[in-house]
Amino acid sequence: MKDIIAKRIKSARTLAGFSLRELSDKMDGIVSHNAITKYEKGLMMPDSKVLLALANALNVKVDYFFRPFTIEVGNIEFRKKSKLPEKEVKSIKEEAIDTIARYIELEQFLNLGSVFENPIKHIQIKNGENVEIAVNELLNSWKIGFNALPNVIELLEDKEIKVIELNANEYFDGLSGWANNKIPVIVINKNYSIERKRFTALHELGHLLLSFDENLESKEKERLCHRFAGAMLMPKDTFLIELGTNRKSVSITELVVIKETYGISIQALMARAKTLGVITEAYYIEFRMWVNKAENHKKEIGFGSYIGREQSTRFKQLLYRAASEEVISMSKAANLANQKLATFRDEFIQI
Amino acid sequence: MIIVVNDANILIDLVKLQLLPHFFSLPLKFYTTDLILDELHDWQVIELQVYIDSGSLTVVHLTDRELIDVTLLQIEKKTIVGTRLFCHGLRK
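Chains as they are written, first to last, in the numbering used here: chain A, 1475 to 1825; chain B, 17 to 108.
Be careful, since some hints might not be right.
[What the hints assert, rightly or not] Stretches of chain A that chain B covers, calculated by requiring three or more beta carbons in the stretch to come under 8 Å of a beta carbon on chain B:
#1 1475 to 1483
#2 1521 to 1528
#3 1807 to 1821
[Unchecked claim] A partial selection of chain A residues facing chain B, derived with a Cβ cut-off under 10 Å:
#4 Met-1518
#5 Lys-1535
#6 Val-1536
#7 Phe-1539
#8 Phe-1540
#9 Ser-1803
#10 Met-1804
Everything labelled a hint here was simulated from the structure, so no lab data went into it. A virtual CB, placed ideally from N, CA and C, is assigned to each residue, including glycine.
Let the hints inform the model, and build the full structure from the sequences given.
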């Protein structure tokens, strides 16, 4: 048991991104950084006073320190900018693993264990054409048609994929992996625009579902996952109907209308137009120059927005259901939500 | 007679229903832990402070050994949260 508490203290500190000294300072010196080292090595145990101070400084609940490690996330594909510090990478991984563990624990209480099946596992991906075929087969298999996807996150959650939104640094895009080798997990940045969230979630889906040829380099896999995301948002045939097969020029105004309907950014639309040969390479370069000319062009501020909602809600929905049906106590629900009981009760309204 | 308040919901309800004066005027000794109090909002703890100061409610801090005992119990009884079990240890 000492081992669990020791490891938990260390993982909570990693999650918060504090050094030993920073944590000691944050606790107003109640304990020295040497004492924290001893806690993390299991050489000493904190009492309840210290444990509370640790929990408050590290922004976790006390129960976190006693939770056994039940989840391992493997094959993690991490998408980030190189500017994202290593400390933040570790923190994001810790938070993702903790959130997944709470999510799976909640499903276990509700007897919701599921087996995920990948409908496009048999398609070997060597090039972009294979990706287009895989997307069409996936859309057919999932019976979602070829029109705009109203809510990507909800769709993925309905298909037994855990989607987690983290409040992360702008340099973090997303990650995907498999919890305990069988549960697909996608983590995205909560702070991104709705179009970017949709694209990133589908890019990560590509990493989970595509069976890449083993000779492909990781850069090529990234490119193919981009194509997968673009194709999911606008399958080839749909794209060619909307934009035409061959265009000499495209207006931004036209792209804004498509963006608002399909929830795909102007930049992703133009990249897809180039990939599908609708526009020339030279015209695409001209477009990239327009993008780089101004910050609002790059962030597409003032150039429309998808009229829809993208939010991961399933976890909270299950939590309220479990609390309402009294499958778990209110205190347990608060712990799974990583909230104080009083805060959870403020938002939970029972009929 | 000693009463251990082992569920933060009780304290939250007592504050919400403005029943604290009645509750603590009962001829009983009340105990809880610092971990239970931590489940309350600060303003709720402030409402309780007068009873803590007067000795009507004793807030117990657990030692490292007691924490381990309670944690082992938590593994046994999976659906109960740690903070409640800390009071279970206290009752014993």
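To see whether the hints hold, each was checked on the structure:
For a cut-off of 8 Å, the count of residues in the segment 1475 to 1483 of chain A with a CB near a CB of chain B stands at 4, and the three-residue condition holds. Using a Cβ-Cβ cut-off of 8 Å, 5 residues of the segment 1521 to 1528 of chain A lie near chain B, which meets the minimum of three, so the contact claim holds. Check result for the segment 1807 to 1821 of chain A against chain B: holds, 7 residues qualifying (beta carbon to beta carbon below 8 Å, three or more required). Given the 10 Å rule on beta carbons, the hint for Met-1518(A) holds: about 8 Å separates it from the nearest Cβ of chain B.
Satisfaction of the interface hint for Lys-1535(A) is found here, the shortest Cβ-Cβ separation to chain B being roughly 9 Å, below the 10 Å cut-off. At a threshold of 10 Å, the smallest CB-CB gap from Val-1536(A) to chain B is about 6 Å, leaving the interface hint in force. Hint status for Phe-1539(A) relative to chain B: holds, with the closest Cβ pair at about 8 Å, below 10 Å. Hint on Phe-1540(A) holds. Least Cβ distance to chain B is approximately 5 Å, under the 10 Å limit.
The interface hint given for Ser-1803(A) holds, since its Cβ lies 7 Å from the closest Cβ of chain B, which is under the 10 Å cut-off. Here the hint on Met-1804(A) is kept, as its CB sits about 6 Å from the closest CB of chain B, short of 10 Å.
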